[in-house]
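The listed protein sequences correspond, in order, to chains A and B.
Everything in the first sequence is counted per numbering that gives the first Met the number 0, starting at 0 for the first residue and increasing by one.
Everything in the second sequence is counted per numbering that gives the first Met the number 0, starting at 0 for the first residue and increasing by one.
Hints are supplied without guarantee of correctness; some may be wrong.
As the list claims (entries may be wrong) - EDC-like cross-link-like pairs, simulated, lysine to aspartate or glutamate; straight-line CA separation at most 16 Å:
#, chain 1, residue 1, chain 2, residue 2
1, B, Lys58, A, Asp35
2, A, Lys173, B, Glu8
3, A, Lys69, B, Asp74
4, A, Lys173, B, Asp7
5, A, Lys173, A, Glu146
6, A, Lys32, B, Asp65
7, B, Lys127, A, Asp94
8, A, Lys173, B, Asp175
9, A, Lys173, A, Glu143
10, B, Lys58, A, Glu6
11, B, Lys156, B, Glu167
12, B, Lys58, A, Asp57
The set of hints was computed from the structure by calculation and includes no laboratory data.
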Amino acid sequence: MTMRKQETSLSAEEGARLMAAVAGERNRSAFAKLFDYYAPRLKSFMMRSGMTSPVAEDLAQETMLLVWKKASYFDPLRAGVSTWIFTIARNVRIDRLRREGRPSAADSLDPSDEPEEPASAEASIMAAERDERVRAAIAMLPGEQAEILRMAYFGDKAQSEIARDLGIPLGTVKSRTRLALNRLRAILDDLV
Amino acid sequence: MIKHHPSDETLLRYASGTLEAGPRVVVAIHVGDCTACAARVADFEALGGAFLDDLPAEKLGDGAFDALMSRIDADAASRAIPAQPRRLSRAEVGIRLPEALDDCEVGPWRWIGPGVRRSRVTLADDPKANVMLLKVAAGRRLPEHTHSGFEYTQVLKGSFRDARGHYEPGDMDEADSEVDHQPVVDETGECICIAAVEGGIRLRGFFGRMFQPLFSA
Ligand SMILES: [Zn+2]
Numbered sequence: 000m001t002m003r004k005q006e007t008s009l010s011a012e013e014g015a016r017l018m019a020a021v022a023g024e025r026n027r028s029a030f031a032k033l034f035d036y037y038a039p040r041l042k043s044f045m046m047r048s049g050m051t052s053p054v055a056e057d058l059a060q061e062t063m064l065l066v067w068k069k070a071s072y073f074d075p076l077r078a079g080v081s082t083w084i085f086t087i088a089r090n091v092r093i094d095r096l097r098r099e100g101r102p103s104a105a106d107s108l109d110p111s112d113e114p115e116e117p118a119s120a121e122a123s124i125m126a127a128e129r130d131e132r133v134r135a136a137i138a139m140l141p142g143e144q145a146e147i148l149r150m151a152y153f154g155d156k157a158q159s160e161i162a163r164d165l166g167i168p169l170g171t172v173k174s175r176t177r178l179a180l181n182r183l184r185a186i187l188d189d190l191v
Numbered sequence: 000m001i002k003h004h005p006s007d008e009t010l011l012r013y014a015s016g017t018l019e020a021g022p023r024v025v026v027a028i029h030v031g032d033c034t035a036c037a038a039r040v041a042d043f044e045a046l047g048g049a050f051l052d053d054l055p056a057e058k059l060g061d062g063a064f065d066a067l068m069s070r071i072d073a074d075a076a077s078r079a080i081p082a083q084p085r086r087l088s089r090a091e092v093g094i095r096l097p098e099a100l101d102d103c104e105v106g107p108w109r110w111i112g113p114g115v116r117r118s119r120v121t122l123a124d125d126p127k128a129n130v131m132l133l134k135v136a137a138g139r140r141l142p143e144h145t146h147s148g149f150e151y152t153q154v155l156k157g158s159f160r161d162a163r164g165h166y167e168p169g170d171m172d173e174a175d176s177e178v179d180h181q182p183v184v185d186e187t188g189e190c191i192c193i194a195a196v197e198g199g200i201r202l203r204g205f206f207g208r209m210f211q212p213l214f215s216a
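Isolated chain A (complex conformation) (with noise of 0.2 Å):
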C-alpha cells in the first residue's frame, strides 16, 4: 500500500500528456497522477450530488476505471481533459441515480464513447480556447451568479432544494440562474 499525496494542480498541457501516456502506452505512473487529482475531486463532486462517502468514492473509482479504459477516445482538439472527465463522471452520475430507481437523466448517449472524426485544425484551436474562455467567463461573472450555476451542476438537486439551500424563494433561484445564464452568454459572446 503506497500513501498518495494529493495533487493540488494539474495544467492543461500537463493533462493531456498523462493522458496521451495512457492511451499509447498503458502507462501505469502517467495515469496515477491523473488519479492523485482527479478522483479528490470527483469524490468531491460525487458528495456535492448528495451521494455518501462510501458510494461517492465508489463512482470517483468507477470515473477512473472509464479514465483507464477509454483514454484511446481522448482527443485533446475536441474538449481538455477536465471536462472529458466531466463528462464520464456526469454519465456515471446518471447511471448509479437510473439504477437507484429515481427519476434522472438516464439515456444511452455518452459522447466519451462515439466513435470521433478527428478534429480539424480548427476546432483543435476552439477547444483550447473554449477552456479559456469559458474560465475566463467564470472569473467574471459576480460571485452569487457563479455559485449559482456551480450548484446547478452539483446535483439532481432540484432548484427547490438550491432555494432551500440559500434560504431564499424558488422564484429567487429561477430568476437568479436565467440572470446568471443572460449574463454569462454575454461574456462568452464577448470572448469569441
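Since the structure of chain A is already known, use the hints to place chain B with the ligand on it.
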C-alpha cells in the same frame, strides 16, 4: 435554418446531466442537428470541467489507487464476452429516425384522435420515460392542452404554427406550463414530431389521452 432552440437553462441541464431522460433524448436530437446549440453545450461541458477543477479535494480511503489498479488487472484477465446486441422492436414510422434514437424501441402508429397518431418511444436505459412520436395530418389543429412541467417537441418532418411562431424540421419547441398552445399543422403536408414531457402531467383532455397509455403500461 433553425429558428427555435432550447433555452440556455435547458442546455445547461442537458450538459450538466440533470435533465430527465425523456427531454434529454429530445434535446439530444436537436443538438445533433444544430451547430449553435452544440457549441453552447460544449461551453457548458467546459464549465463543468472548470467547476470540477475548482472543487476541494476529498480524502480517499487508504489504498484507493492500488485497489483500482487491481480491479483493472482483474478486468483485463477476464476479458468479458461482448454482450449480445439486444433485438429492438422498431416499427416502420415512415421517416428516418435520428441517431439519438438508435437504442430505442419504437411502437407502431396508433390512432388517438382525428388526424392524430402517436407511436411510443421506449428508451433503452429508462423505459418509463414519457417519449413519443406524434404524427398530425395536414391542416389539423391540435386541441388546446396544458401540462404541469416543461414540454419539449422537436420537429422531424413537416411544419406547424402557433401563437409563438412557425416550426420546421430542426426546430425545437420548449413550452412551459404557462403556455396554452394550439398548434396548427401547415396545409402542405403531415407533421411528425418527437415529444417528451417533464415530470408528471395532468391527465386530462387531449394531451392526457396522448400520454395516458404510456403510464398504464
Ligand atoms: Zn439549436
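So, going through the hints one by one against the coordinates:
A C-alpha spacing of about 10 Å is found between Lys58(B) and Asp35(A), which places the hinted pair at or below 16 Å, so the restraint holds. With a C-alpha separation of about 10 Å, the suggested pairing of Lys173(A) with Glu8(B) holds against the 16 Å cut-off. Simply put, Lys69(A) and Asp74(B) have alpha-carbon atoms about 14 Å apart, close enough for the 16 Å limit, and the pair holds. Simply put, Lys173(A) and Asp7(B) have alpha-carbon atoms about 12 Å apart, close enough for the 16 Å limit, and the pair holds.
In summary, the hint linking Lys173(A) to Glu146(A) is supported, as the alpha carbons are separated by about 13 Å, within the 16 Å threshold. Note on Lys32(A) and Asp65(B): the hinted pairing holds, with a Cα-Cα distance of about 13 Å set against a maximum of 16 Å. For a cut-off of 16 Å, the pair hint linking Lys127(B) to Asp94(A) stands: about 15 Å separates their Cα positions. Only pairs whose Cα atoms come within 16 Å are accepted, and Lys173(A) paired with Asp175(B) is accepted, the gap being roughly 13 Å.
At roughly 13 Å between alpha-carbon atoms, Lys173(A) and Glu143(A) fall within 16 Å of each other, so this suggested pair holds. In summary, the hint linking Lys58(B) to Glu6(A) is supported, as the alpha carbons are separated by about 11 Å, within the 16 Å threshold. Among the hinted pairs, Lys156(B) with Glu167(B) is consistent with the structure: their alpha-carbon atoms are about 7 Å apart, no more than 16 Å. As the CA atoms of Lys58(B) and Asp57(A) are separated by approximately 13 Å, the hinted pair is consistent with the 16 Å bound.
In the structure shown, no violation is registered for any of the earlier numbered hints.
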